[in-house]
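Novice: Hints are included, so try docking the two chains, each in its own frame, into the full complex.
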Amino acid sequence: MTNRLLTLHLRSRGAFTFLVGVGVIALLAWAAGTWLASRPYFDGPAARVPVVALAPLLAALLLGPTLAGADEDLEHSTPLPWRAWRAGHLLVAAVVTAVALILAGLRAPDTYGAHALVRNALGCIGLVAGGAVLLGARLAWLPAFVYVCAVYAAAPRQTSVVVAAWAWPVQPSTITPSWLTAATIFAVGAAGYVHGGSRASAGRRARSTGGP
Amino acid sequence: MRRALRVELRRGTAPLAAAAMFGAGVWMLAVHPDDWGGRWAGLANYLRVSLLILCALMIAAGAWQSGRERRRDIDELIASTPRPGWQPVVVAWLAVTLAGAVGLLGAFAGAAVLVARVATYTGGGWWWTLTVGVLALAAAAAVGVLVGRLVPLRVAAPIAGLATYLGLAIVIYWDGNPAAWLSPVYGGWAVYSLVPDRVTALQAAWLVALTVLLLAAAARQRRAALLAGGLAVTAAVPIITGPGTYRLPADPAAVELVCTSSGPQVCLSRINAFLIDDVTEVVQPILARLDGIPGAPRRAADQAAQPAGQSLESDDGTVWLSLDYQSTALGGLVSRKSLRADFRQVTRARCEDPSGTRRIDQRVYRTDTLATDWMLDEAATPDNVPLARLRSLPEPAQRTWFAAYLDAAHRCDTSALIRLGEQL
Chain A
1 MTNRLLTLHL RSRGAFTFLV GVGVIALLAW AAGTWLASRP YFDGPAARVP
51 VVALAPLLAA LLLGPTLAGA DEDLEHSTPL PWRAWRAGHL LVAAVVTAVA
101 LILAGLRAPD TYGAHALVRN ALGCIGLVAG GAVLLGARLA WLPAFVYVCA
151 VYAAAPRQTS VVVAAWAWPV QPSTITPSWL TAATIFAVGA AGYVHGGSRA
201 SAGRRARSTG GP
Chain B
1 MRRALRVELR RGTAPLAAAA MFGAGVWMLA VHPDDWGGRW AGLANYLRVS
51 LLILCALMIA AGAWQSGRER RRDIDELIAS TPRPGWQPVV VAWLAVTLAG
101 AVGLLGAFAG AAVLVARVAT YTGGGWWWTL TVGVLALAAA AAVGVLVGRL
151 VPLRVAAPIA GLATYLGLAI VIYWDGNPAA WLSPVYGGWA VYSLVPDRVT
201 ALQAAWLVAL TVLLLAAAAR QRRAALLAGG LAVTAAVPII TGPGTYRLPA
251 DPAAVELVCT SSGPQVCLSR INAFLIDDVT EVVQPILARL DGIPGAPRRA
301 ADQAAQPAGQ SLESDDGTVW LSLDYQSTAL GGLVSRKSLR ADFRQVTRAR
351 CEDPSGTRRI DQRVYRTDTL ATDWMLDEAA TPDNVPLARL RSLPEPAQRT
401 WFAAYLDAAH RCDTSALIRL GEQL
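So the sequences go chain by chain: A and B.
Read in order, the letters of the first sequence are residues 1 to 212 in UniProt numbering.
Read in order, the letters of the second sequence are residues 1 to 424 in UniProt numbering.
Because the hints were derived from the structure by calculation, they are not lab data.
Treat the hints with care, as some may be off.
[What the hints assert, rightly or not] Not everything, but these chain A residues come out facing chain B in the computed CB check (under 8 Å):
id, residue
1, Trp35
2, Pro50
3, Leu58
4, Leu61
5, Leu62
6, Pro143
7, Phe145
8, Tyr147
9, Ala150
10, Ala153
11, Ala154
[Claimed, not checked] What follows is a list of derived Cβ distance ranges for each label pair:
id, chain 1, residue 1, chain 2, residue 2, range
12, B, Arg223, A, Val20, 32 to 40 Å
13, A, Pro109, B, Thr328, 35 to 43 Å
14, A, Thr34, B, Arg336, 42 to 50 Å
15, B, Glu378, A, Thr34, 45 to 53 Å
16, B, Arg70, A, Leu91, 29 to 37 Å
17, B, Pro152, A, His195, 25 to 33 Å
18, A, Thr174, B, Ala224, 53 to 61 Å
19, B, Gly332, A, Val188, 38 to 46 Å
20, A, Pro40, B, Gly309, 21 to 29 Å
21, A, Ala31, B, His410, 48 to 56 Å
22, A, Val162, B, Val113, 26 to 34 Å
These figures come from a predicted structure and were not determined experimentally.
Cβ coordinates follow ideal geometry from the N, Cα and C atoms, glycine included.
Just chain B, with the same shape it has in the complex (with noise of 0.2 Å):
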């Protein structure tokens, strides 16, 4: 059996499986590094979202293999020789297993030594989310193999691999939805997010035994079938009754804050605490630039830390900053200017209506701009007089204007707003 496996994995699907698998690895990690860059759960979970199109091609690549019998034409010549039926099946399923994971974990590792260079973080059982995630796609090659014995078609393999897609694809739609944990694939929720053990080990185990029910059946192994479909379901149960996808907890230590010691003081969680440098150095000179103006906040926060259910624009001194879509590949800082746009949270005028809909004059509007430009110190174009004057101010009239105008917006006197935006 070993020997037929060499073979099979030397001249069997086997080798294009790793190549598309490795292919597809580096294409997702490419496309989106901002998902898993310098963060190890980052980076698990990034695999565990990029299942949706990965199983497609794991199942594609399962079906191709075990319906070669078929199309050669020797699948009655297969049959007549003494090996248990089994065999081939098995053979055929972890040569295509081995291969596709082997190729997929190669382009993650490349990935991995990228994260291992900056990560600040390591915990959150990333490792336990990335082992399911093999199990998801020994499951996927599993369901290959049975659609490529039963069904006769040319196109069965890619048939059932978009069909697979798909299916996945409406199951992330079931947000909340417990059946859904079901499904391998994330729906790509915050990395601090903290998976339940007990879920990882349930999928797990469902995973295990509906990759053995599938190849039961495509072997025609009715009471090995039996066996693992009662397991399947006997883990299947509990994670349907359990509580489901819908707004996981933080993980404590992942969210811990990390904070610099000199200087306004900026905090980033412990898992995008390798951001930490190029965080305070965008978002310092603006805090010290705020520094003693009443209302103003005294520091910057990461937004992953903040306590659950408070809203942005409490006024605790505090501007929250979000960083989950903003590591680069190398660990760097994606965007100097969305970092800077988190801060129009301090300007912003409050003047929403209970049911959350914000009416503003455009004057109003028009003062919010001059004030956010002058906090972030925006080069002034020429035609922006109001900006120019109020820069002309000597620097004690500057502030006094803008702790003025933070507290006509936190209290949406929109007369105080119009009128400090036309003094100028």
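Bound-form chain A, shown alone (with noise of 0.2 Å):
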């Protein structure tokens, strides 16, 4: 019974594009990592920092989708427990976006290869989880999205606790206050998507409220 279930449920929540995605991502990530890591002009394997802000991002933005069904509402009224299943849906998304981003990252793990991706993966499906709980599954993508572009885009010259807390996505992977926020993000994210799921979509809200 729970076989046939998890099937359906893998199947309607899109998880074999998600995977395909993943690998896609991953493939993508080893080897334009490689590629800048071999440039002579540049600074051999820490000249990674656009895969490692860029490949996570791209992994999570996939995984919105995934975080809600068709119906959020007809599927809370079946009689599952739900807070398992979501905490199992993205506790395996989480590792198998890991496990992927590890393989693309192995070769110099600790400047900006394998640790720093699987910290950034940490963080943006975090923020993707917690797009999910505020915007809906729809609309899951935007904060991460905007944060960790804004964060690429501007990342500021000079390092400080401060500053390598708020810009966790481009740090090297040694500092420390990075790992605490990425982990943060991602356990407020998930503990927030496990308790009250996917916000359901506008017009469901509407209806079941009774408005137009």
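Specialist: Given below as structure tokens:
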């Protein structure tokens, strides 16, 4: 029974698209990282900052649409432990993303490689999960997209603890505050999503409250 | 159609696009004020540099706006109305473009007020740089509209934005390739560089033709698309076959020198001249200290005005100051320290071998530091005994020592340099 439910769940959430997408992103990240690290005019593996910032973001964006089904209200009315399902869904997705990205960054993992990719995957997935809670799965991508783009575009030249904390997507993986921030974002986003699930879409909300 | 536009502007993606572009604009301006402070050309160039992000945002906004009908499941309903199919496409595009451009220009207008207070040079065709930037926003919104129409994915908007971002970023690394001019994003070159008028005009034509092409494709207007495609190719060919982005000439009027009239001469290029009081305050005391010492510079000048191809260390009696990133948002000096550090070129021992590598003895290095500290009148730490000893000599002896140092350093006479350091 659970097996069948699991298959149905994965199918209804578009898990296959997500898996293929993450695979493609990991491949692209590996190719781009190798290319950047081998350019003589860049500084070796440390030139992989764009990959480290953008690959986890792309993977997390793909996760967004899987965070809600076609009809959240209908799903909530079924007698299933949805919190456990949501927790499992998010954790498995996070592990899959992290493993795929680790494989892409195995070369020199501590200078903008696997470690930083994992940290950013955690942070981005946390942002997307939080986005799903606040804005619904449709717009879940927005906070992560805006935040990471803004930080990447305008990473400040100086480094301090405060900067390391808010500019976590572009920090080297040896900076502790960046890990703390990313982990906190993941914990808060995941907790919010596991507790409340994705916000139902506007049309459904209006109907259920008797609005127009 | 005007009413439809008004509704889109109020209820569509437009308000969000305006807010996002305003926020992104303010953010970009706030992070690197040294790129634009006090200079009109710098501000316009910086808008073009920021397009790397702003185009991605515009594409995301356009895709979100034009994917709405499908997300709401009303695309068939709309298609059944007796209106020309291109109208909703154009209205959607126009709403996002207008809102995005207004949001961004709002942010830059704030910076323009700060620039207008202090700017000393208004030329350089920056107005056209800015106009082409706005055209690029329109083209980006059109890309978004097309993507939103074609791709049924919910995450089409952010992924299209990120893909654009990556594409434009790769183009920046094509330094020197003329095809890089097809991208509206500037590679962050010096504010006084002059982009040829021909290139600006062709870029404008290319972006307009591209916008029409994309909109026609989104509205499935084959004839218009073919026509616009032809125009786009016509504009792109002379760009691709023309000269590249490498080594742009300096704007002669922007780098014309403006000099102080009293005290040791300090000259800044016109575009940086708003900094002259702050720079003079730092530089004149050092020049006054060096006055009359044989081999020492007699004046300081803006590196922007340095003749092309000349080395920093040519002995022409001038210290070249690097001021490209020395302006704050309000038009003040960013760092007195790095301005003083520019004087290191005076005391630097000229010991490069022909390949440009510099192997230098530690003792020579110590003498170099000592001479630099003396020149810049740095405060002596208690354990810096040689500097204290040098300072305790009578003034003429100090100046003689420094002249001997300069002579040895410019000849790279290592043994003399070591002796000068050890005699203290």
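Novice: Against this structure, judge whether each hint is valid.
Specialist: Hint by hint, here is what the structure shows:
Proximity of A/Trp35 to chain B is violated relative to the hint, the smallest CB-CB distance being about 10 Å (cut-off 8 Å). Satisfaction of the interface hint for A/Pro50 is found here, the shortest Cβ-Cβ separation to chain B being roughly 7 Å, below the 8 Å cut-off. Hint status for A/Leu58: holds, given a least beta-carbon distance of 6 Å to chain B, under 8 Å. Checking A/Leu61 against chain B: minimum C-beta separation of about 5 Å stays under 8 Å; hint holds.
Taking 8 Å as the C-beta contact cut-off toward chain B, the hint placing A/Leu62 at the interface holds, the least distance being around 6 Å. Violation of the interface hint for A/Pro143 is found here, the shortest Cβ-Cβ separation to chain B being roughly 11 Å, above the 8 Å cut-off. Interface restraint check for A/Phe145: the shortest CB-CB distance to chain B comes to about 4 Å, inside 8 Å, so the restraint holds. Annotation: A/Tyr147 was flagged as interfacial toward chain B, and the flag is violated, the nearest CB pair being 11 Å apart, outside 8 Å.
Annotation: A/Ala150 was flagged as interfacial toward chain B, and the flag holds, the nearest CB pair being 6 Å apart, inside 8 Å. About 4 Å separates the beta-carbon of A/Ala153 from the nearest beta-carbon of chain B, less than 8 Å, and the hint is met. A least Cβ separation of about 4 Å between A/Ala154 and chain B falls short of the 8 Å threshold, and the interface hint therefore holds. The supplied range of 32 to 40 Å is met by B/Arg223 and A/Val20, whose beta-carbon atoms lie about 38 Å from each other.
For A/Pro109 and B/Thr328, the hinted distance range of 35 to 43 Å is satisfied, since their beta carbons lie about 40 Å from each other. In this structure the hint that A/Thr34 and B/Arg336 lie 42 to 50 Å apart at CB holds, the actual value being about 44 Å. A hinted range of 45 to 53 Å for the beta carbons of B/Glu378 and A/Thr34 is consistent with their spacing of about 47 Å. Look at B/Arg70 against A/Leu91: about 32 Å separates their beta carbons, and that is inside 29 to 37 Å.
The hinted range of 25 to 33 Å is satisfied by B/Pro152 and A/His195, whose Cβ atoms lie roughly 31 Å apart. The supplied range of 53 to 61 Å is met by A/Thr174 and B/Ala224, whose beta-carbon atoms lie about 55 Å from each other. Checked against the hint of 38 to 46 Å, the pair B/Gly332 and A/Val188 passes, with Cβ atoms roughly 40 Å apart. Taking the beta carbon of each, A/Pro40 and B/Gly309 are about 25 Å apart, inside 21 to 29 Å as hinted.
Against the hinted window of 48 to 56 Å, the Cβ-Cβ separation of A/Ala31 and B/His410 comes to about 50 Å, which satisfies the hint. The hinted range of 26 to 34 Å is satisfied by A/Val162 and B/Val113, whose Cβ atoms lie roughly 29 Å apart.
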